Amino acid sequence: MSETADWKRLDGALSLGLSRQPLPPLAGAEGLDEPARALAVLTLLGQRARLAEPRGLQGLATGSRLPDDPRPMLDPKAREALLRLDRRLDAESRRRLAPLVLAAIGASGQRLHPFDLPNLDALLRQGGTALGPVERAWLGWTGASAPGASDPEGGAADRLGAFRQARRKDPAAAREALAFSLSSEPAKLRAELVGSLGVGLSPDDAQFLNTCLGDRAQSVREAATALLARLPGAPAYEDRLALARACLGVETKGLLRKIRRLTFKPPSGDRHAAATLFQGFGLSSLIDGLGFEPLELPEAAAGIQPALPLLARAALLDGEPALAAAFLTRLEDPVWPADLLRLPLDAQLLNGETRQTVLSASLTHEVRFDPLLEGFNLAEFLDGPMSRDLAERLIASQPWRRWLNDVIQLVVSSDRFDPDPVLLRAVAAMPWQVARAVTDALAAIPPARQPKTAAYLAFLARLAAPSKPSEPSETPVV
Amino acid sequence: MLTLAQVEAMAPDQSALAAASKLLKPSAWPLLARDAATSVVWGEAQGSGSAPYRLMFDPADRGHKCSCPSRKFPCKHVLAMMWQFAEHPDRFAVGEPEPWVAEWLSRRRPGSGRPAGKPADANAPAPSMAALDPAEVSPGDPASQAQAEAQAAQRRARAEAAREASVTAGLEALDVWIGDQLNTGLASFIQRAQTTCRTAAQRLVDVKAPGLAARLDALPGALLSRPEPLRPDFLLAELGRLHLISAAWRRREGLDQALVDDLRRSIGWSVRREDTLNDPTVPRWAGEWLVAGTRTVVQPDRLRRTETWLTTADPAAQAPRAAVLLDFTPVQVGAGEAIPAGELFNAELAFYPSSAPLRALVAVRGPALATRMAPQGGASLVEALAAHHARLAALPWLGDDLLVAGSGRIVEADGALWAVDPDTDRGLRLAVEQNRAASPLLGLTLSGLAGVWDGQILTLLSASTPHGPWFADS
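Protein sequence lines, in the order shown, are assigned to chains B and R.
Residues in the first sequence are numbered consecutively from 1, following my numbering.
Residues in the second sequence are numbered consecutively from 1, following my numbering.
None of these hints come from the bench; they were simulated from the model.
It should be emphasised that the depicted structure is a prediction, and the values quoted were computed from it without experimental measurement.
We put the CB at the ideal spot given by N, CA and C, even for glycine.
Just to be clear, a hint being listed does not mean it is correct.
[Said to hold, decoys possible] Only some residues are given here: those of chain R computed to face chain B with a beta carbon under 7 Å:
hint, residue
1, Gly179
2, Leu182
3, Asn183
4, Ala187
5, Ile190
6, Ala193
7, Gly240
8, His243
9, Leu244
10, Val411
11, Trp418
12, Val420
13, Asp425
14, Leu442
15, Gly455
Assemble the whole structure, with the sequences as input and the hints as a guide.
The following block contains the structure:
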């Protein structure tokens, strides 16, 4: 009975069925009838299985699937705050917040605790470029698909976003990478990728854009044509620039003291005609020959309200965000950020640094924020977390205070108004250093009316006060 | 007067009410009556058997009883009778209580004021009994009280003997059923498991062996939930365990009392929580206990079982190394509050009598000494398994057990994670469901771990790691 083969025979008989394969004779079981013998064998086999030695696993790889990361891990309270935040997020707010949460953790010099990775799976999947090496390894190991991989549209959006970022960092390298992979992309995405070469457009792109003129898709050819028209020296560029310049003029007023003002005669066509015409021209090109110094222009243009956003955009293209902000603050009722959003300017043309500078420069008392920040996400506009300096300036500024007061009035006046999404859009880009100040500023709004925002700020506040993050919270039992 | 809202409030779930609604036809009730003096109502409901079920209800304290085998309290018959009493009291003929009603009443209202007819079920809520208020019961004179108690004791002894006979017959039938499965072949068991186990479990309920019935009812689910290569051995072990219980029952006269206690609890005899706590002979251990982890399982009878696994904080203590607290709540009530994993507290535990003590009650509890702690130190994993085998030898049908080890590693093999003894490289397979949660432990050196071992699979509860404590439920 001790022979393995005998056990296997018995096992086989019970498995196949005793009606087909009766039990072999068993020593010591002669006195038992057939059913009793079967039950005894069953019990023996069952107990034998339960008393089996553990399996030998010599030689198996035991290394972690996760790479080393020397940064300290979040402390227990920050972990708890993060998990509480994650539980409160719906899919949409998680998508928006995930990169910022991960970026905030990284900015604090810490990292996620590896034990939390399984619970934060949904958040990590939305982490995008903010994912660290450990999180990426985790997602890869658990077989989680890349964000949007199962969704062709989402995948295209990700690739487009990644390309624009790459283009901002190194225009030439991005263009070469695009030239390599463009033909394998679908037409719609090809057109958008080619259009994105407007970020950092230079004469070096001309050759590639000319090859795009032979693309089989008309949308790609049109995108390339439009960009070629923005390249200085191209005939179409020169023609359009001449038309745009013709829209701007100078008039002189005043008897004792002559004041020179800028005039604007919009081109004929629909309401987008001026935006289309001015697209891609820097301010210096437009005002060449008008006899103005750049710093004189905001004041000189104050009377031509429709042109102010166009000039602001042109200043941005010249790399003059402060000047752009000066144009915007001359608007009669400057609503920030709505006016910026209405700029006939592809937002992706601006890098994150420029955007932060624009925001900083426009924080004058004349600017006001749209209380509902409708359709606007400060974090998305800024393309990442806000710098500490900017955040401190923002929350100390009059526009911010006025905006917050407007929101509080809305909360007080209506139970139906849900301030949580508005507040979250506004504070999502805040760095952890200002979390407590922002929390204090929002104290007039009951926590129950801002659950996600409160949870987010509580988490950020925990980042501000890490307590020996790499150590366990309790002394283990000995 | 009873209202429909009160009836609804007493229903264990909506399905019981729905079933009751189908029994409202007068033709289903050969007898409906009430006592004008006490307002007690009783009736006979025509079930599927030859004899109708007998049931009674006392509106005064909403106590009730039915002879049907349902595990729901109140059952659909009682609900249907109460429903009719609320809507159509005229259907209830006024009269003297039937003898079986009078007997029930006498058992419910002895001089002690404690309901004695039905032992409280530690595994199930008993709202009807809980509704009894001893203060409402008026004590009789001592002589008649003693006589009543003696009679009640005789009745209990008779009922006990009847139940034992019923269980004996049921276990013989169970052995026949197992033999049938062996004749047909265990390889094809999985295809018929759901149906055949349900039928056999129902028979065990009928013979008043609800513990075994629950075990058999849960078998198909447990079988399907584990990886295919493990199923044959699991089936052998489970069916073998059922037969072991059956065989032990037939030989119970020669067994130690502790083993008999184990046997009776496995079959389904319930033990009152209070009786265990008030019994000076049950083993008790006072000291620091650490919650290694908790598990929640919804049973086929719609009760949520919450297991709180405890281990002694001091591995060298002369006490049981582990204990489990079981709490049962109806699913619709929601999860009860368990002691959180990682909490260390001072307590005196009272263990249910057993040849391998494990299940316990907290007799005296002190304040929490610490939170978020994981076990650390102690025997190796192989030694912990050997200790489990020793307990298995003492209690051959031992079920889930807590393994606590002072060291370990988590490795990956055959698409599963394993807890490995670093000294011997021998390992125990972790539950597949834990692959994701436990994967951050891969490659870490554990200075302590605790898990529930079911003979094949270890469900890791907590571990001490260089990154701090790890808990399965966090």
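Here is what the structure says about each hint:
1. Gly179: Where the cut-off is 7 Å and the nearest Cβ of chain B is about 5 Å from Gly179/R, the hint holds.
2. Leu182: holds, 5 Å
3. Asn183: holds, 5 Å
4. Ala187: holds, 5 Å
5. Ile190: Violated. Min distance 12 Å.
6. Ala193: violated, 15 Å
7. Gly240: Holds - the Cβ of Gly240/R comes within 7 Å of chain B, reaching about 3 Å at its closest.
8. His243: holds, 5 Å
9. Leu244: Hint on Leu244/R: holds, closest Cβ of chain B at ~6 Å, below 7 Å.
10. Val411: Result: holds, 5 Å to nearest chain B Cβ.
11. Trp418: With a closest approach of 6 Å, the Trp418/R hint holds.
12. Val420: holds, 6 Å
13. Asp425: OK, holds: Asp425/R within 7 Å of chain B, min 4 Å.
14. Leu442: Given a least distance of 5 Å, the restraint on Leu442/R holds.
15. Gly455: holds, 4 Å
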